[in-house]
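> Sequence order for the protein chains is A and B. Take 108 as the starting number for the first sequence in the working numbering and just add one per residue. Take 396 as the starting number for the second sequence in the working numbering and just add one per residue.
Mixed in with the good hints there might be a few duds.
Below, computed lysine-lysine pairings styled on DSS-like, alpha-carbon distance capped at 25 Å [unchecked claim]:
(1) 507(B) x 414(A)
(2) 565(B) x 134(A)
(3) 195(A) x 384(A)
(4) 625(B) x 384(A)
(5) 507(B) x 411(A)
(6) 171(A) x 384(A)
(7) 338(A) x 325(A)
(8) 387(A) x 171(A)
(9) 277(A) x 195(A)
(10) 191(A) x 178(A)
(11) 325(A) x 223(A)
(12) 191(A) x 384(A)
(13) 191(A) x 387(A)
(14) 565(B) x 338(A)
(15) 178(A) x 384(A)
(16) 507(B) x 565(B)
(17) 134(A) x 507(B)
To spell it out: a stretch of chain A is covered by chain B in this simulated footprint if at least three of its residues, at any positions, have a beta carbon under 8 Å from a beta carbon of chain B; those stretches are [to be verified]:
(18) 229-242
(19) 355-368
Please keep in mind that the hints were generated in silico from the structure rather than gathered at the bench. In this text, a Cβ means the ideal position worked out from N, Cα and C, and glycines have one as well.
Here are the chains, one letter per residue:
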Amino acid sequence: MRSMNAFAYPHYRKRGNHMNRLLEDRKAAFIFIAPAFLLFTLILFVPIIQVIYYSLCNYTGLTKPDFIGLKNYIDLFTSDETMKIALKNSIFFMLFSGITQQIIGLFMAVLLTNIKAGRNLFKNIYYLPCVLSSAALGLLWAFLFNPKIGINNLLSSFGIQGPNWLFDTKGFIPLPMWVIGFVALWQYVGQNMMLYMAQISGISRDIYEASYIDGASKGQSFRFITMPLIKPMLVTTLSLNCIGSLKFFDLIYNMTQGGPNHRTDVLATHLYTQGFKYYKYGYASAISIVLLILCLLATFLINKCIKVETYES
Amino acid sequence: MRIEDNQKIKKKITVTSVLLYAFLIALALVYLLPLVWMLSVSLKSNRDVLTSPFTPPTVLQVGNYIFAWTKGQLGVATLNSVIVCSSALIISLLIGAMAAFAIARMRLGFLKYMMQYFLIGMMIPVHCVLIPLFVRFSNWHLTNQMIGLIIPYITFSLPMTIFLMTGFFKSMPNEIFEAACIDGCSIYGCFIRIGLPLSRVGMFVAGIMTFVGNWNELLLAMVFISDTAKKTLPVTLTYFVGPYSTNYVQMFAAIIIAIAPTIVVYSIFSNQIVDGLTTGAVKG
Chain A
108 MRSMNAFAYP HYRKRGNHMN RLLEDRKAAF IFIAPAFLLF TLILFVPIIQ
158 VIYYSLCNYT GLTKPDFIGL KNYIDLFTSD ETMKIALKNS IFFMLFSGIT
208 QQIIGLFMAV LLTNIKAGRN LFKNIYYLPC VLSSAALGLL WAFLFNPKIG
258 INNLLSSFGI QGPNWLFDTK GFIPLPMWVI GFVALWQYVG QNMMLYMAQI
308 SGISRDIYEA SYIDGASKGQ SFRFITMPLI KPMLVTTLSL NCIGSLKFFD
358 LIYNMTQGGP NHRTDVLATH LYTQGFKYYK YGYASAISIV LLILCLLATF
408 LINKCIKVET YES
Chain B
396 MRIEDNQKIK KKITVTSVLL YAFLIALALV YLLPLVWMLS VSLKSNRDVL
446 TSPFTPPTVL QVGNYIFAWT KGQLGVATLN SVIVCSSALI ISLLIGAMAA
496 FAIARMRLGF LKYMMQYFLI GMMIPVHCVL IPLFVRFSNW HLTNQMIGLI
546 IPYITFSLPM TIFLMTGFFK SMPNEIFEAA CIDGCSIYGC FIRIGLPLSR
596 VGMFVAGIMT FVGNWNELLL AMVFISDTAK KTLPVTLTYF VGPYSTNYVQ
646 MFAAIIIAIA PTIVVYSIFS NQIVDGLTTG AVKG
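Just chain B, same shape as in the assembly (with noise of 0.2 Å):
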């Protein structure tokens, strides 16, 4: 009697987690197969997508990549995200964590305050100082130049960066900090041969997301750049779309283009991403 009720048990255990597998492989594809069905579709003539969009490609138009590369500018535009994305990145992550360590580790009242007015910048949107930053990046001359697009960019990755770094910086022993203080080791020296090695995992997680947000950003780079051979590749993308456009197939080549570097990143290192994202809002 009483094997059999565990043997039930146990049984329905099988069951209910069966059904709940289904359930998560459903979503999953969900989430894989449009994206699956692009890379098909990307590969295909424009002919066949009209008559049969869900069919595999017979023939491979590995054309359409060559295409959205030279004709599509899509070549220039990664070389702009890079060069744009690249020195937002490391400029951002230094000012970034420069900060980030004084809110974390030094003893001054003000620098309380300081956390909370980085704070206050990611309940702002970018569309609130688009305007006014527009008129005084064209009276700069800035506008049309890479450099007015790379401010802005350190400007907003600012707060995700503080807010990241200040909870790696404070989770650090304090016994390290006072071990350098005795042997003499300046503030500075503090900072940059103990607190940036030691948070490699939180540089780490707030680079990636500082470079995907940049990367991915279009509303700046459509106001700020009107030269077609400075546009970074989000803007590049809206070229392809239009009411009456035809070009599917090169569209989404192009679409492949622009995503692939994040999804090859982020399939090598979506456990650190995920983990350090999630250590750094939790502690937060």
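Pulled out of the complex, with its shape left as it was, chain A reads as follows (with noise of 0.2 Å):
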């Protein structure tokens, strides 16, 4: 098409020419990227390499760092109970929040879609809890699951002895577990519903109407029109779902700070601990090098076995 106006219109071919000249300014491509580039790389790229060398060291800030092989990795695995704990609360929160985020946000996103008046406002409401500090509302549900004073107060009056919600410490995924699993799912369901509404509302009406026309049920045409054509989506959610559980700090940190006794620890708590309290640079590398294996593996696996199909729209 261009070449044919090229032709046609000479001074189209011109014009064209200056342009290509101008987006093809490669001294122009560098010094836009230039410092994004650069920052990316000293920050982020460099400190990855590095951290790699330090998790096959023993280091501690005070001496510099001593190469001692695989080292820190069997220790990691054979002699840490807390990473026990850590790898398998970690795992567990990224399948609870993986599976219940995505049911109920999309849940969510399928009844405001189908709702005429206020989508917007609720819409809003839900979204609300991801923009505010996770810091903060853990300290909130923290209070709220007290022993004494928060829901147990309100369960008391009616006589119901609660739980002691974030203090338990018995089964294989403990209570607090599940308390901050919830917690999680409050707070950050809003984004899966919030992506998912703008996927559905980008469906085509028509496409419904036909298959109406057919003969569909509404729950037919969820089954065999909203699901594949909402697949996309399942990825970047899903990603961010699995990403975002394995790096989960702050609400713990606030609500329980890896207690009691280690058992509501995560990767993330855990390397800040050996790291930040103990200074055991090397070894809480290995940690980090671990959590970074876990974000890619669920990345990848995400990407391979999720086939998306393109329609035509």
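Take the two lone chains and join them into the complex the hints point to.
Printed below as a string of structure tokens:
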């Protein structure tokens, strides 16, 4: 098209050339990209290479890093009980957040796209906690789940003895982890809802009308039209959920600080304790690498396993 | 018969929609009640909270706020947060918009890989680079200074900014830039005189997300700043917590102070924020 135009209208070719020269200006492109690229490389990618090296060292911050091979990793996976709990909790948290936030987020999105009045109002209310500080909300919920005061006070007025929400240690996944999972769900489900709503409102009305003419029920049209067409968003939201829950720190730090007895530690809190309470930089670096690998693995698996077909729309 | 049927259908629809709205309102209460309750607790005295936490306050204890603001260092912390977040916001928006402009509009092979490079940043948690960054910044004497917090905040805001802004720059019609070229505008002029003014919505959304994200950031601020006078809001909040702390009312006053600015900004601009975010995400 462009070349045809260029033959037919000589002035267009001239204009195109001038435009192309501008848009292929290497020097300008470098100037535009350079600050972001330099910052990114220096603050993000060089440290990642360093963290790989540190994870192979005995390093406490006082002395120079001392290369000890894989010892940190061996310690991490054989003799560190807290690491086992942290890994278990992090994976539980990822699965719990992934599943509940997907299902409930999609459910809320479908409900909200089906109502006529007040859609924006409800959407804005449900999305509100996403922009608030998890540190602050963690304090709020820690107070509400206090053994005596918040919810248990309410329950006791009905004569029910409430459980020890944040201090219970029984079970493979102790009660505090479920409580924190619930709070995370409360706070972040709005993000999935909002992204799914955007995707659903992008689907053409005609497809639904055609399906109703063919006799499809609401449920069928959801199963065979909505579900396949929002699949690309599934990859985005699920990646966000999984990475977000793996790097979870603020809520746990402010609700339980990893306690009681490390039962609610996750990888991020374990890393913080080892690195900045005990100053075991090398050891904490090994935890960082485990966390990084989990994040990359989750993203890779989600992108590999969920096949996205593109439809003409 | 026919009319009756129609009425039946109409009635059924209203019943379901009543149930639907009842559910949605109940859910909205689950979201709003904890916040309202927090406001009510922050205005009570400690004794009232322990005896009857769920009743509204009888005497408004404004002193809680004064205590949190002065003794609890919230005033200083708010100022620090404002300084750190605004500087990070301005610089990251400028740098991010420049990179996004090149990626979206210029035709050079390597720019495609640049986009991928920046997007990888979205997958990497801050925690992974915390230790080397801390070591390096201590060597450069950047820890315990606000600049040491601003630099990482800029960097970690870039992927989101570039992602959103690229979408906005791509959606601009080519003709505008061609017309500017004919009038002798340079590529820098295209960016400053056309790209930036036309992407105001994108800048606004990216800006709010950057600001809010940094305003709430806890881990980096906790590790990098040890001087009480330089701490940001989320870190200062954590001092109100503790297993034996009984200063509940002041804690809640502090939380309200910390989240009030976000709530105000969000209530004013929520529609623009949510719409802007979703257009960026769906396009990308």
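> Sort out which numbered hints this structure fails and list those numbers smallest first.
Violated: none.
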